[in-house]
Amino acid sequence: GDSVTQMEGPVTLSEEAFLTINCTYTATGYPSLFWYVQYPGEGLQLLLKATKADDKGSNKGFEATYRKETTSFHLEKGSVQVSDSAVYFCALTYSGGGADGLTFGKGTHLIIQP
Amino acid sequence: GAVVSQHPSWVICKSGTSVKIECRSLDFQATTMFWYRQFPKQSLMLMATSNEGSKATYEQGVEKDKFLINHASLTLSTLTVTSAHPEDSSFYICSASRVGSGQEAFFGQGTRLTVV
Chain A
1 GDSVTQMEGP VTLSEEAFLT INCTYTATGY PSLFWYVQYP GEGLQLLLKA
51 TKADDKGSNK GFEATYRKET TSFHLEKGSV QVSDSAVYFC ALTYSGGGAD
101 GLTFGKGTHL IIQP
Chain B
1001 GAVVSQHPSW VICKSGTSVK IECRSLDFQA TTMFWYRQFP KQSLMLMATS
1051 NEGSKATYEQ GVEKDKFLIN HASLTLSTLT VTSAHPEDSS FYICSASRVG
1101 SGQEAFFGQG TRLTVV
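Residue numbers (my numbering), protein chains in the order written: chain A, 1 to 114; chain B, 1001 to 1116.
Think of the hints as simulated: they come from the structure by calculation, not from any bench.
Treat the numbers as computed from the prediction; the structure is a model and nothing was measured.
Beta carbons are placed, not taken as given, at the ideal position from N, Cα and C, and that holds for glycine.
Heads up, a few of these hints could be off.
[What the hints assert, rightly or not] Pairs of lysine-lysine, PhoX-like flavour, derived with a Cα cap of 25 Å: (1) A:K77 - A:K52; (2) A:K106 - A:K60; (3) A:K68 - A:K52; (4) A:K77 - B:K1014; (5) A:K106 - A:K52; (6) A:K106 - B:K1041.
[Unchecked claim] Pairwise CB distance ranges (calculated): (7) A:F18 - B:H1085: 43 to 49 Å; (8) A:S83 - B:G1016: 29 to 35 Å; (9) B:H1085 - A:E8: 25 to 31 Å; (10) A:T70 - B:S1018: 15 to 21 Å; (11) B:F1091 - A:T12: 30 to 36 Å; (12) A:G29 - B:K1014: 40 to 46 Å; (13) A:S14 - B:S1018: 46 to 52 Å; (14) B:Q1109 - A:T70: 32 to 38 Å; (15) B:I1012 - A:I111: 45 to 51 Å; (16) B:K1041 - A:T70: 48 to 54 Å; (17) A:S14 - B:F1091: 37 to 43 Å; (18) B:E1063 - A:P40: 42 to 48 Å; (19) A:K52 - B:Q1109: 28 to 34 Å.
Construct all of the structure, not just a fragment, from the sequences and the given hints.
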């Protein structure tokens, strides 16, 4: 079956550092890929998505590129802020996220220190 | 917009009792709602998909008689954990997709269930 693997956390960085959170996937078809973020005490929120190979999703300074050849969707940000501290989930689905359930990675807890 | 609310946010119940968790879309109509379960340091695992007015579709390995799902309206789905046991203790999360959208699911805050 399909699966998503992302780097274990917690990941601790200083403010303004460069961030990479690795995500790789195993899928039988050509899924859409997502990054969700969960801030403390809140529900998961869609951060960005990409629906086909070589697409780049971006939002709030975060970027991720759908790499079919390496089955990866790594999340990057050039300069993190304390407010970016949260848990980040990589996920996939075949429907764009609305009609079918998502397959999630375990989540990566990101801690940004001032 | 697109707010999904779960209630309660946490609940403690005794073994053998049943507990109901509500998932509401506050400002939109949800064609489909999903229920996930998350164990500590594990992925969110899809339990079931429910469409308004029809029976839920359960993922393999999920006991439909233990986890009763009702989606009676376009804004409310409920998950009832029946005859709960300590191994049912977990974090349960719902999500909903909007009518006419089909592109994004919106998540509730989750419900922490502890069975003692």
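Quiz item: When you take the CB atoms of A:S14 and B:F1091, is the distance between them in 37 to 43 Å?
Solution: 30 Å, violated
Self-check item: Agreement of A:K77 and B:K1014 with the hint, judged by alpha carbon distance not exceeding 25 Å
Solution: Measuring from Cα to Cα gives roughly 45 Å; hence the hint is violated.
Practice problem: Take the C-alpha atoms of A:K68 and A:K52, compute the straight-line distance between them, and say whether it is at most 25 Å. | Solution: 8 Å, holds
Practice problem: Could you check the hint for me, namely that A:K52 and B:Q1109 are 28 to 34 Å apart, CB to CB? | Solution: Given a distance of about 32 Å, which is inside 28 to 34 Å, the answer is holds.
Quiz item: Between A:G29 and B:K1014, does the beta-carbon spacing fit 40 to 46 Å?
Solution: 45 Å, holds
Quiz item: That 29 to 35 Å hint for A:S83 and B:G1016 (C-beta), does it hold up?
Solution: At 44 Å between Cβs, range violated.
Quiz item: Between A:S14 and B:S1018, does the C-beta distance stay in 46 to 52 Å?
Solution: 48 Å, holds
Quiz item: Taking 25 Å as the top limit, are the C-alpha atoms of A:K106 and A:K52 close enough?
Solution: The hint holds at about 23 Å.
Quiz item: Is A:K106 within 25 Å of A:K60, Cα to Cα?
Solution: 22 Å, holds
Practice problem: For the range 25 to 31 Å, tell me whether the beta carbons of B:H1085 and A:E8 fit it or not. | Solution: 29 Å, holds
Exercise. For A:T70 and B:S1018, compare the CB-CB distance with the range 15 to 21 Å and indicate the outcome.
Key: This hint is violated: roughly 47 Å between Cβ atoms.
Self-check item: Cβ distance range 30 to 36 Å for B:F1091 and A:T12, holds or violated
Solution: 23 Å, violated
In summary, the numbered hints that this structure violates are 4, 8, 10, 11, 15, 16, 17, 18.
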